[in-house]
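Number of protein chains: 4
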Amino acid sequence: MTVGVPTIERIRVRYGETDQMGHAYYANYFFWFEQARGAWCRARGFTYKQLEEYGYMLPCVEATAAYKGEVLYDDWIQVKVWVSELKRASLRFDYEVVNESTGKICTTGHTWHVFMGHERKAVTVPTEIRDWLNRDPSDYEPLT
Amino acid sequence: MTVGVPTIERIRVRYGETDQMGHAYYANYFFWFEQARGAWCRARGFTYKQLEEYGYMLPCVEATAAYKGEVLYDDWIQVKVWVSELKRASLRFDYEVVNESTGKICTTGHTWHVFMGHERKAVTVPTEIRDWLNRDPSDYEPLT
Amino acid sequence: MTVGVPTIERIRVRYGETDQMGHAYYANYFFWFEQARGAWCRARGFTYKQLEEYGYMLPCVEATAAYKGEVLYDDWIQVKVWVSELKRASLRFDYEVVNESTGKICTTGHTWHVFMGHERKAVTVPTEIRDWLNRDPSDYEPLT
Amino acid sequence: MTVGVPTIERIRVRYGETDQMGHAYYANYFFWFEQARGAWCRARGFTYKQLEEYGYMLPCVEATAAYKGEVLYDDWIQVKVWVSELKRASLRFDYEVVNESTGKICTTGHTWHVFMGHERKAVTVPTEIRDWLNRDPSDYEPLT
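Taken in order, these protein sequences are the chains called A, B, C and D.
Numbering-wise (our numbering), the first sequence opens with residue 200 and increments by one.
Numbering-wise (our numbering), the second sequence opens with residue 200 and increments by one.
Numbering-wise (our numbering), the third sequence opens with residue 200 and increments by one.
Numbering-wise (our numbering), the fourth sequence opens with residue 200 and increments by one.
For reference, chain A alone in the conformation it holds in the complex (with noise of 0.2 Å):
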């Protein structure tokens, strides 16, 4: 059972993404949870663009992010994400963000996504798709 193993996305801090506080705006967080979400899919050799392709969506449900520490403009962010819990018709994924920049986890956080279909119903995961959810990213390269 492969669920669990974490997939590390790099993602360096833009401009844009800052506030007149001089640090990240704190939605923006959300942003790089999904580019890390990606990334989770790209280690296990598929991506999530294809799972649309294939006619499934996975709209996020719930989501939440404690802000620890600091991130600044042009800081190195290291998002680490995993998948925590995957139920018959939906997952959640887990994310530590640590600021390269202090070496310390700077923000947590998790978010619930469906899997919804063409009629843009919540289904059952199909077992072809559980399959690469479950897939050990060890025997995969990573797509890029």
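Some clues are possibly wrong.
Since the list gives no way to pick out one identical chain from another, each pair is judged satisfied if it fits inside one copy or across any two copies.
[Stated by the list, open to error] Calculated pairs, EDC-like style, for lysine to aspartate or glutamate (alpha carbon to alpha carbon, straight line, at most 16 Å): (1) Lys-286 / Glu-327; (2) Lys-267 / Glu-327; (3) Lys-286 / Glu-261; (4) Lys-320 / Glu-269; (5) Lys-248 / Asp-274; (6) Lys-303 / Asp-335; (7) Lys-279 / Asp-330; (8) Lys-303 / Glu-252.
Quick caveat, the hints were computed from the structure, so don't treat them as lab data.
Bear in mind that the values here come from a model prediction, so they are computed numbers and not experimental data.
Please arrange chains B, C and D on chain A, whose structure you already have, making use of the hints.
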């Protein structure tokens, strides 16, 4: 004790706030929450900008959202916001977003904020500011 | 020929639209231009959303902005927008942004848009839509 | 005179950067231009952040983009950026965006920036900074 009296801010969803799924991207709700907090202040006769001019900031230390229904481009939403807890050095806002096109609550959430002073350290909310926060909006003309 | 009659959209600057320089980040003006285009349509009794429901899209093929003065958090701005050219398959909007806190024009700009149909190819503006664009806003109650 | 040597920054398009038309929203290119300017500095052995720490800012006073082709979610783009003019107190960057999925230039643009000092007034570019801007990137290890 007027903590708890809600303020409502109407916002129309921008095209640039949607994503290719066809509805509003999940991170953008936190921009709307922030706009609603600004309206909450103005309903009490002060602005968040004045708070910063006084030397205080209210960085967000926790943010959550639960997405229960869609919000589409050009929809009017009503963000209802109220203070649900006011501690010595922090406060919590709660949010309910109603999509006017359906009349239903589509999203709920909350944010926690700490008071920070000039030295960017958490400080006890000063009495004067505490009075602002405890104001009864029915005693004030909302600032425009 | 009513091409040219301007529409004005008032927008209050969000905290998340500022950057660490302390004023509005330069990319965000293009979100405001888009919001103003939406208001321009509503002033003529239709919405851009209806245009898309009819099967047409107006992707932007050129965008410019000249920044002459600051826009700060919580400022009210007025985005004045008008159609300056209407060709067979494209149209140009021009913009003037006035910062209400100074009363001065702080930004000007323009955008070019092409008409695209279902097949995502440029198409001649159909007569019915051309009539919408040529409407005199004084003949219409603006949609809310 | 090294003004003119281009730097290339690769960026992957985020889901939150798309809109309901299904491609990248037009305003987001300006975030990418900014990220590319940061890379341009690092290729010359300094960072824009250092420039601000020295007391200078480079606010944008003019920005343009011409959109010639689509950019979709998950596409890799290459933003090529170079200084096309360096005046006494301002400079111009030019941009070419290549979509790696097609190999074609999908967008071009430019931005003008003025040098501002502590008093937020335009200033002549000081000699030391001018030397930074004139550096030949082949003499420097790009900062990471």
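- [ ] Kindly indicate which numbered hints from before are broken by the structure, ordering the numbers from low to high.
- [x] Hints 2, 6, 7, 8 contradicted; others consistent.
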